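Peer 1: Given the sequences, and given the hints that come with them, work out the whole structure.
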Amino acid sequence: MTKILVVAEHAGGKLNPATAKCVACASAISGAEIDVVVLAADASAVADQAAKLQGVKKVLKVENAANAEPLAAVLAPQIAAAAANYTHVFGPSTTFGKDLMPRVAALLGVGQLSDIMAADSAYTFRRPIYAGNAIITVEAAKDKKVVATVRVASFQAVGEGGSAAVEAAAVNAEIPTHTRFVTRSAAATGRPDLQTAARVVSGGRAVGSADNFKIIYGLADKLGAGVGASRAAVDAGYAPNDLQVGQTGKIIAPELYVAVGISGAIQHLTGIKDARTIVAINKDAEAPIFEVADVGLVGDLFTVIPELEKALG
Amino acid sequence: MSKILVGLKRVVDYNVRVRVKPDGTGVVTEGVKMSINPFDEIALEEALRIKEKGGATEVIVASIGPADTQQQLRTGLAMGADRAILVQSDAPVEPLAAAKAFLKLIEKEGPQIVLLGKQGIDDDNNQTGQMLAALWNRPQATFASKVELDSGRAKVTREVDAGLETIEVDLPAVITTDLRLNEPRYVKLPDIMKAKKKPLDTLPIAELGIDAGSQFKTLKYEAPAGRSKGVMVKDVGELVAVLKQKGLI
Ligand SMILES: Cc1cc2nc3c(=O)[nH]c(=O)nc-3n(C[C@H](O)[C@H](O)[C@H](O)COP(=O)(O)OP(=O)(O)OC[C@H]3O[C@@H](n4cnc5c(N)ncnc54)[C@H](O)[C@@H]3O)c2cc1C
Ligand SMILES: Nc1ncnc2c1ncn2[C@@H]1O[C@H](COP(=O)(O)O)[C@@H](O)[C@H]1O
Chain A
1 MTKILVVAEH
11 AGGKLNPATA
21 KCVACASAIS
31 GAEIDVVVLA
41 ADASAVADQA
51 AKLQGVKKVL
61 KVENAANAEP
71 LAAVLAPQIA
81 AAAANYTHVF
91 GPSTTFGKDL
101 MPRVAALLGV
111 GQLSDIMAAD
121 SAYTFRRPIY
131 AGNAIITVEA
141 AKDKKVVATV
151 RVASFQAVGE
161 GGSAAVEAAA
171 VNAEIPTHTR
181 FVTRSAAATG
191 RPDLQTAARV
201 VSGGRAVGSA
211 DNFKIIYGLA
221 DKLGAGVGAS
231 RAAVDAGYAP
241 NDLQVGQTGK
251 IIAPELYVAV
261 GISGAIQHLT
271 GIKDARTIVA
281 INKDAEAPIF
291 EVADVGLVGD
301 LFTVIPELEK
311 ALG
Chain B
1 MSKILVGLKR
11 VVDYNVRVRV
21 KPDGTGVVTE
31 GVKMSINPFD
41 EIALEEALRI
51 KEKGGATEVI
61 VASIGPADTQ
71 QQLRTGLAMG
81 ADRAILVQSD
91 APVEPLAAAK
101 AFLKLIEKEG
111 PQIVLLGKQG
121 IDDDNNQTGQ
131 MLAALWNRPQ
141 ATFASKVELD
151 SGRAKVTREV
161 DAGLETIEVD
171 LPAVITTDLR
181 LNEPRYVKLP
191 DIMKAKKKPL
201 DTLPIAELGI
211 DAGSQFKTLK
221 YEAPAGRSKG
231 VMVKDVGELV
241 AVLKQKGLI
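Protein chains in written order, with the UniProt record's numbering: chain A, 1 to 313; chain B, 1 to 249.
No lab work stands behind these hints, which were simulated from the structure alone.
On a predicted model such as this, the values are computed, not experimentally measured, just so you know.
Glycine included, each C-beta is placed from N, C-alpha and C at the ideal position.
Be careful, since some hints might not be right.
No farther apart than 25 Å at their CA atoms in a straight line, the calculated lysine-lysine pairs in the DSS-like style are these [unchecked claim]:
1. A/Lys310 - B/Lys244
2. A/Lys142 - B/Lys229
3. B/Lys53 - B/Lys188
4. A/Lys222 - B/Lys234
5. A/Lys273 - B/Lys229
6. B/Lys220 - A/Lys283
7. A/Lys283 - B/Lys246
Restraint-style ranges between C-beta atoms, simulated for each label pair [what the hints assert, rightly or not]:
8. B/Lys33 - A/Ala45: 50 to 60 Å
9. A/Ser163 - B/Val28: 50 to 60 Å
10. B/Ala225 - A/Asp143: 53 to 63 Å
Peer 2: Written out as structure tokens, the structure reads:
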């Protein structure tokens with residue numbers, strides 16, 4: 001019997017949409033029983049949201065004052081304890097899940113699969129390697145627990161309307177004190193979240209300065225889009241790190257992706273290959289981004305973007 | 001004596017466009033340039049800076065890989081590491097086995113800090129540091145973009161989806177690097193000559209007494225579904241027309 005425990009990601013009392021995508025991945029395994037575990041200081045609000053996800057049987061609440069912030073060293077032993085009766089443990093391939101799940105796996109004495117993009121069966125999965133230049137089909141040993149992160153851009157969130165039972169779970173785990181949360185700085189932008197936005201406008205090195213980046217924000221606002229950036233733009237300080245799209249940044253799958261002044265390095269492309277429509281604006285007709293763009297326009301961004309904004313009205 | 005242990009993985013150079021073999025049994029690695037994993041160069045750079053500021057007395061680079069990995073370890077020595085250890089394994093090891101091997105080296109060397117990359121750009125696993133920290137029962141500070149040391153503790157700023165997060169960990173600890181932690185130095189020719197004299201110990205993985213077996217079997221390699229080249233438009237007017245036609249605006 002396949003029993004999958006999905007680790008909920010949440011912040012500020014809100015369930016992160018990545019969780020519903022992990023449930024979608026778990027639901028692809030036929031006959032799987034899916035539970036969600038919520039670790040928090042006060043888990044009730046998040047547990048209620050998780051209970052509504054289609055396909056979830058039970059939501060486990062693990063409440064502890066130490067769980068106020070998602071520290072992997074603190075959460076992992078509790079998840080490992082809660083995972084005793086499960087065959088699979090899934091988390092999202094967000095920075096939360098990437099930090100946490102390998103620690104959970106090692107505590108369980110097993111390996112981990114990263115970024116699963118398809119579950120062909122309970123023990124056969126597909127995942128990208130080499131920045132997405134190859135897709136491998138991997139078979140996991142059946143006598144071991146499968147711990148995995150789910151590539152969230154590959155799955156459509158399950159819908160709501162479920163009504164899973166919520167129960168408090170008592171886990172017996174030693175919680176370390178060697179790791180302490182200090183602070184988190186999140187730029188509240190008021191723009192759609194990059195990872196879930198239907199439209200994203202990204203700027204590259206060509207934008208030239210942090211001040212110039214307002215051109216990108218302006219176009220994004222016109223389109224109701226989230227904002228992204230290439231690594232070069234982030235390294236140069238034009239945009240904050242959480243906007244980086246690519247192999248080592250965020251992997252996204254918007255309906256519309258507009259790449260402005262981005263050359264299209266393989267590490268960048270790996271972050272956008274699931275975008276429905278890619279629009280590229282670049283002054284170099286030979287830029288590799290045009291090889292993958294659905295619509296390409298050769299031109300100087302400093303003239304094209306103002307024109308485009310005007311045309312959008 | 002306070003030591004820093006740095007992991008250097010040998011990977012296909014990041015400039016190489018990796019291709020799947022036509023028969024689906026792997027990716028083409030013959031004749032392809034191999035390098036130190038970029039995140040590991042950053043890890044080594046950070047270790048060297050800590051040592052230069054008096055925060056450590058020795059920097060040891062270690063790798064698990066085939067005999068040819070000596071090249072990358074020599075490069076690490078040329079960058080400034082004091083000595084190198086090659087755990088020789090001709091078969092690739094999964095992150096859990098790599099973590100077990102690193103734990104053995106830790107037990108022998110007793111480092112205060114273990115610096116690894118956040119991910120190998122070959123398998124894109126992003127696991128080894130976290131697994132090592134778990135097996136060692138010590139803190140982990142992953143995806144570091146800033147490391148500040150202060151009497152037995154490290155304050156680490158981490159690149160997370162929401163922005164930047166700062167945590168404090170007691171040492172010893174595992175730290176994994178993100179791209180913006182530093183910019184690695186270039187190796188100079190005289191350093192390459194000097195590196196030839198630095199110690200590089202090799203030990204077969206079988207001698208570590210760990211279970212380096214694998215849990216996952218790769219059945220098939222496939223090229224990703226390609227995106228076909230789309231249309232080129234000549235001006236903003238055409239661009240808007242195409243977007244409208246696609247129902248995107
Ligand atoms: C280990 C590793 C991981 C990496 N991870 C990532 C990642 O996650 N994400 C990522 O993005 N990169 C990543 N990179 C970096 C990547 O290799 C590229 O260096 C980077 O994506 C380049 O950014 P860019 O396209 O903005 O800059 P450039 O490559 O410099 O391109 C700028 C483009 O702007 C065009 N241009 C210039 N002026 C104008 C103008 N006025 N109007 C219009 N177009 C103009 C130019 O023709 C050019 O094509 C990684 C690299 C490594 C080694
Ligand atoms: N075989 C190896 N040899 C040396 N270092 C390794 C090895 N495998 C993993 N590492 C270290 O662990 C980091 C993360 O690797 P991975 O978990 O494989 O993505 C790398 O950046 C290295 O620092």
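Peer 1: For every hint, state whether the structure bears it out.
Peer 2: Going down the list of hints, with the structure as the test:
no. : hint                            : in the structure
1   : A/Lys310 - B/Lys244             : 15 Å, holds
2   : A/Lys142 - B/Lys229             : 42 Å, violated
3   : B/Lys53 - B/Lys188              : 21 Å, holds
4   : A/Lys222 - B/Lys234             : 22 Å, holds
5   : A/Lys273 - B/Lys229             : 13 Å, holds
6   : B/Lys220 - A/Lys283             : 40 Å, violated
7   : A/Lys283 - B/Lys246             : 24 Å, holds
8   : B/Lys33 - A/Ala45: 50 to 60 Å   : 52 Å, holds
9   : A/Ser163 - B/Val28: 50 to 60 Å  : 52 Å, holds
10  : B/Ala225 - A/Asp143: 53 to 63 Å : 33 Å, violated
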